[in-house]
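Read top to bottom, the protein sequences are chains G and D.
The opening position of the first sequence corresponds to residue 1 in our numbering, with each subsequent residue numbered one higher.
The opening position of the second sequence corresponds to residue 1001 in our numbering, with each subsequent residue numbered one higher.
Keep in mind that the hints were calculated from the coordinates and are not lab data.
The beta-carbon is built from N, C-alpha and C at its ideal position, and this holds for glycine as well.
Heads up, some of the hints might be wrong.
Okay, the calculated beta carbon distance ranges per label pair [said to hold, decoys possible]:
id: 1; chain 1: D; residue 1: Lys1478; chain 2: G; residue 2: Glu25; range: 52 to 60 Å
id: 2; chain 1: D; residue 1: Ala1219; chain 2: G; residue 2: Ala92; range: 31 to 39 Å
id: 3; chain 1: G; residue 1: Cys57; chain 2: D; residue 2: Ala1145; range: 35 to 43 Å
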Amino acid sequence: MTLELKAIHENCSGCGVCRLVCSLENYREVNPAMAALKIEGRFPAPGDYLIHLCNQCGQCAEACPVDAIPLKNGVYLIDAIECTGCMICVQACPSGVFFEHVEACPSEALQLVNSE
Amino acid sequence: MLYGYAGTILRINLSRGEIVKKALAPEMADNYLGGRGFIARMLYDEIPLDIDPMGADNIFLAATGPLSGHFLPASGKTHFGTKSPANGGYADSNMGGHFGPALKYAGYDVLVLTGKAAEPSLLFIEDDRVEIRPAAEYWTMGAIACETRLKKDLGDDFQIITIGPAGENKVRFACISHDFGRQAGRTGLGMVLGTKNIKAVAVKGTGSLPVFNVEGAYAKGKEAFRLVSAKPGFKGWTPEGTAGITDWVNQVGAFPTRNFQTSYAEHHTSINGKAVIEKLKITDKACFCCPTPCGKYGHTKTVLGSAYVEGPEYETIALLGGNCLLPSIEDVAYANYVCDELGIDTISAGAVAGWAIEAYEKGILTQKEVGREIQFGDLDSVVFLLQQMSSREGIGELLAEGVKIASQRLGRGSEAFAIHVKGLEWTGYECRNAPSMMLAYMTADIGAHHNRAWVLGHDMAGSAASVHDLISAGGGGKKRPKAAVSAESAKHVIASQHTRPLFDALGVCRLQLMELGFEVEHYAELYYLITGKKKTWPQLLDISERVWNLTRAFSIREMKEYGRSQDYPPPRFYTEPVPSGPNQGHYLNKAELDTLLDAYYQARGWDEDGIPTRATLIRVGLDDIVETMEAAKHGKVDH
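Hey, can you work out the whole structure from these sequences and the hints?
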């Protein structure tokens, strides 16, 4: 059975615990910026929250120039070995839930360097 | 490695445009934990003697705790501190939301602002990048309008604090606003930012927090969420949030009504938690990582207009709905919105407006002085007063000083019903038949605030049950006998004054404990797993006691007349019997108040004037301030 994550926006109170859990579950880091979903608070009007997460639309896979995001068992996942870190998928994601992370980047396309 | 903490203090001298990052000292973390603890120690060490809190020399602090931003229920608290604009003594105020965690992810435990920017400015913090930016285009904007605009200009992922026009106009109870409805409301911190020419601070952080035992902390965090959601209050208390206590407070006769003339409002069911949900609510709105959202975001329509607004929460209901007698939840919500946009504390604002209306009713303030007619229960009157006090126009010049200074200036007997302690306006619990809660207000370190100790359950139900349990049991609404005054009150108050502020030092919200009864021992375990430091809950409470003595010491040092004389409630509470409601006919006389204070000072190890003794200071680990306190005892701190 394949489970799909569904967002029920009207139940969201914007606490952001999902983002913290996402970073802990996937990277064992306390760092919501590493989460693969985000919460948009729409304030003052209309006064509600929208949950942005991967809806498996596959546009990232289509955009990938090296076919590093294959569909396996009904789920699109990044193949870290094939990925070249070009970040085209980040731009292609219509939900804006692809994130670049220094520590997580599979091809070291992002590195911490001295800004001087 | 300082596990749990970001590890850095960010210091900005606004006069010189100097930005300095310094490592957080391990002994500071060990001895004072964070949040309120850091604020107490840093104010004591860094504020020069006798400076004007309304001048550029004052210091503004924003401090997180070791648990802020970590995976546990409601870890979103940020604490702010300064020398009090309300009274010149110790001041702090905290808020929920998401700002503190963002500050830590950006790499900073504490933000320290000194001096004054040459022009209206905002602070921009994005991880390592820290800039003081011109903010003329944002100046004069409403606090929420400014946040909306900054989110648009900088990006939705910035967490922002702002001040409104009241902060710019140096209103003594101007607040800090955040997340479209969270405020650090008390003690005029917004005014201190305004004095420094700082309109806003915007923070984005993308770093990780170090954890001593990440597997253990993650597992314990999951357990904590599970246990909180299994508490009866999770389903019983959360739907209405803090507003849900309104009926109970009326039933036991503790609801501020008509400027605290009485303690029961006939119309309480029109302004209670149920009304918030039925008439206003759009969505629950939670602080960071909180499973029990107090925030009820909604929309209100009134004769004066409509508005989106978070709340009103209980304190706002009490001070605007009870104290100013606004008749409907829609009216209370609209006045709440006006306060939020102007950037004033709804508690102090409601107290000031109530005082002004009573003075007007008594003929002490004339129509000519006020500029128009004003009356209890009239939204138009209340909004007029809110606008005047925030702009300092007309009568607002007087009102902007808060009830203590305003009543001293006005005189004509108005001091008798200026409801405050130490210059800070009283919050949402009337105490003429509640000796423990009365003592809590008398001795709270920032003035008349319930946040330091909440012991109304002892007074009204003889128990320390969670708020959910108290509400569920009901109050009866019957006539209550006069409460017995005993030394027991001091014990309850001191225990609460150590427990609740400990949460403010850890950087976590106390509501899971207070409202739902979530056990404190879980926090000690989380503290260990996150920081690697083994401290039992009683050991953590010892730190809280140290901090309590230090905040008292700061005020003793800074306020020339500090001592017993400053620990009394206003004359109304010890001379006028409650005229109606469940506690009709009751009040605490001065001798009873002295019984309470004597018991309290003795239990704390303070002298008869409320100054910590040498032995007490040494016992709590404050050896270094013994000499200053000895000098204070003889009136010899050099001012």
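Status of each hint after checking the structure:
no.: 1; hint: D/Lys1478 / G/Glu25: 52 to 60 Å; result: holds (53 Å)
no.: 2; hint: D/Ala1219 / G/Ala92: 31 to 39 Å; result: holds (37 Å)
no.: 3; hint: G/Cys57 / D/Ala1145: 35 to 43 Å; result: holds (36 Å)
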